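> So you can see what is in the structure, the chains are spelled out below.
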Amino acid sequence: MTDSIKNIKQYTRKDFVSDQEVKWCAGCGDFSILSAVQNALPEMGVNKEDFVFVSGIGCSSRFPYYVDTYGVHGLHGRAAAIASGVKVANPKLSVWMMTGDGDSMAIGGNHFIHILRRNIDVNIVLFNNRIYGLTKGQYSPTTPLGHVTKTSPYGTIEHPFKPGELAMGAEGTFYARAVDTNPKMMKEIFIEAEKHKGTSLVEVLQNCVIFNNKTHQEITAKDVRDDHQVYLKHGEKMLFGKEKEKGLVLEGLKLKAVTIGEDGYTMDDILVHDAHDDDPTMSFLLARMSLPELPVAMGVIRAYRTVVYDQALEQQIEEVKAKSNIKNMTDLVNSGHTFSL
Amino acid sequence: MNNSVKFAAIFFNTKLKMVAKNHKIIELDKVVVKFAGDSGDGMQLTGTQFSDTSAEIGNDLATFPDFPSEIRAPQGTVAGVSGFQVHVGHADIHTSGDLADVLVAMNPAALKYNLKHCKPSSIIIIDVDSFNDKGYKKAGYEIDPLTDKSLDAYKVIKAPITEMVRLTLKETGLDPKTIDKSRNQFVAGMLFFMFNRDIQGGIDFLKTKFAKKPALVDSNVKVLKAGFYYAETIEELATTYVIKPNLNKKGKYRNIIGNQATAWGLMAASERANLPLFLGSYPITPATGILEELAKHKELGVKTFQAEDEIAGVISSIGAAYAGNFAATSTSGPGLSLKSEALGLAMITELPLVIVNVMRGGPSTGLPTKTEQTDLLQAIYGRNGEAPIPVVAASSPADCFDWAFEASRIALERMTPVILLTDSYLANGSELWKIPDIDAMPKITTDIVAANDDSYLPYNRDEKTFARRWAHPGVPGNEHRVGGLEKSDGKGSVSHDPQNHEKMVYNRAEKVRRVADMYPKQEVLGKKKGKLLVVSWGGTKGGVYTAFSDFEEKGADIAFTNFNYIYPLPKETEEILSNYETILVCELNSGQFASYLRSTFPQFNYKQFNKVQAQPFMVSELKDKFNEMLEA
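In order, the protein sequence lines correspond to chains B and P. The numbers in the numbering used here rise by one with no breaks, and the one at position 114 of the first sequence is 114. The numbers in the numbering used here rise by one with no breaks, and the one at position 387 of the second sequence is 387.
Hints were generated in silico from the structure; no laboratory data involved. Among the hints, erroneous ones may be present.
[Claimed, not checked] Reference listing, derived: stretches of chain B covered by chain P, where coverage requires no fewer than 3 residues with Cβ under 8 Å from a Cβ of chain P:
#, region
1, 78 to 85
2, 289 to 298
3, 319 to 325
4, 332 to 339
Quick caveat, the model's predicted, so the values are computed rather than measured. Cβ coordinates follow ideal geometry from the N, Cα and C atoms, glycine included.
Given these sequences and hints, build the entire structure.
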């Protein structure tokens, strides 16, 4: 909704707080995501009545009840299909799909890849806590190999998905990552997701305090986070570390973390982030980065502009309408081969 | 070949003119013609040409294509036979006909497959050039059927079609494949002669059909004429037939296929409700025609969303309905199974949605291209929890339009998903459709909440209908959430309160029960009270009605009623059933509607007439059954 013509009302966080009691466990990462969303919404230039929050099933999927906008709490895995229907039916709406790693990577995997492939202008927030929370502690498609859960008492023998790679493999045009411990980062990224035309996927590394506590600790803990995260911004150098003394360089087909001033690396060697590149190769490399060799990438890793489904559909309808003599059903039923008896 | 020599002489040595032949013309009330050949032989096209030109001269008609589920099964085999049956009449036509009066068999396989669908003494036109050892072998014949007396009861016209078509088009420079593809027009020409039709109708059809390929118009017209003059020449066709116009049909008509009528019914509802139409659907035989038809109509703003699977088809429609579109989804049996969970969501969110289920032979993948009525109980009951959904069924290809419109009206005015049942026989069959006055159709009134309505509560109900109101995103002040969790009465918050749950279950059921207030009176034909009531529902109406009329004309103690409103049943149902000693329920399954009636009104005497061969009823078998019942 870029309309400067449209009269956008002024809102505060409070306008987006519903009267429903929030029923997540104390200390759940979902609270900070909710709060970051409620802080970001007033800054998106969208009227409150134009927001629709949809979800599937799971802890994350209770989200629509807690934001005072239009919303649909759907079926397990089907949020992407609901969101597609809402957005295609009325492209003026800002549609948000709140989902989890079980909801979108497992039962809803098919809908998830196809919404990305179609590039429908929906914002997806994927709460990745690498566990089934609402069903109380079974492994999910993002649970690390070997992890012990209630349904893998001897450790999982399944390879986990990396949501970012899955999204790009499905021709996704926008992928960002954030951590639930950084409200400012989440808010900035949610606003970027809204700005992007096409399907925006934001993966939030979220902590499940009950069934998978500290699963992202290595990335988010205060003492290591500066060295273990790189917050990427389009057009800026890929720097990290407390003093931004470290950076990423490309060597052959691999990324490498270096310290500026050591081993002959200077600031000039550090890569500049181009989220808009149509070639997804670098986006893949960045999304794949993992500890301990490389920091984990945060921020908007990819934001590539191309044809957007809902816009293309409206355009096609306008073009066909302009060319056709059939203006209503009366014209249609009387068109073509008819007989007068 | 004697005939072809004679033909060539006429065709090449004389001017094209009507050659007077001393022949007899017989008037027929109705006739069934079946065209059969390989999938690639153009039988559907020839059938359509014959039916369109029949309509042009005022005959009533119904058609039914019978094609294999394989796109191109091995040539010349029985599995690859594609058929098209046309029933035309001076009399009213309600089915595509039982057995054929005329069979066109382009190869031995077509003959083998269709002989059992021919009347004794029927006329069989064969392309004798394809009746050779190779052809017999492929068709699975052990002995040449032209020599073993198995065809003695029929009047077989052995036309050297391939040879004569090649002769006719020899000078055109067309490639052999294209030349052989126009064999169907030779047959068409023969039939135009046999039925005393003006050949110009056939020519006009070809001109429209091949408008973008003028070369094909010329060659096909040549062959059409060649067939016509060949028929005029041969001795076997000394008798020809004429079917006078049907005088019961007056006004402007078009030929319409069931799936197209369903699509148009949804579009008409969208226009009369003044809401944009959204169809979320996944291709599935035999329902795909609805998606294909709606995809054409962007000029009227129709949005079709070809989803990644059946589930996304219906779920995207639920999203569209929440967003304020008139939403529908189309599918067939296996797809309806996949959609069951979503139908529960549509039911509990109380959003308007039309689910078209084009029934095919089941279970599982079953017989995808064939017809059956075996999804009835799935439609009525097939969901978890207590999830009542209205069900209506269409009865003929053309009335798919009316029932799609009616399903939409119920959905939109009563805020509920509605299942519309059609079947493969209706979906692919065609008949004459009197073009309706769209502006005279009822307006569909929706209760859409205006901006900033302080009184709005998502689950408050209308006193009369029990329907909740519809608040669209994008409209300020009515922000609310819906979902699959149980909702509190009125406000719609998530609620696990036991009393509230029970109340909501009964409220939703009551809303669906009150749908019956919208119905016109259930019609009964024949005796008001008496021995036998024959009952059909949905697509079996045409056959059962035709058989019934025959007995009624003779004054038999019989009555007939057809159900289109399936769930809930019309209010008069119990009273109607109470007037007859025996109720015979005729359906294409093993007794689903009968068991539904039995469980609803156990006090009556029900008998069943069932057929589960994935084929429609034949009028003759219905008549035999009625006779047996009346004599009992």
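> Does each hint hold? Answer for all of them.
Hints, verified against the model:
Proximity of the region 78 to 85 of chain B to chain P, defined as three or more residues with a beta carbon under 8 Å from a beta carbon of that chain, is established by the 7 residues found. Proximity of the region 289 to 298 of chain B to chain P, defined as three or more residues with a beta carbon under 8 Å from a beta carbon of that chain, is not established by the 0 residues found. Check result for the region 319 to 325 of chain B against chain P: holds, 4 residues qualifying (beta carbon to beta carbon below 8 Å, three or more required). For the region 332 to 339 of chain B, the stated coverage by chain P is satisfied: 7 residues place a CB nearer than 8 Å to a CB of that chain, which reaches the threshold of 3.
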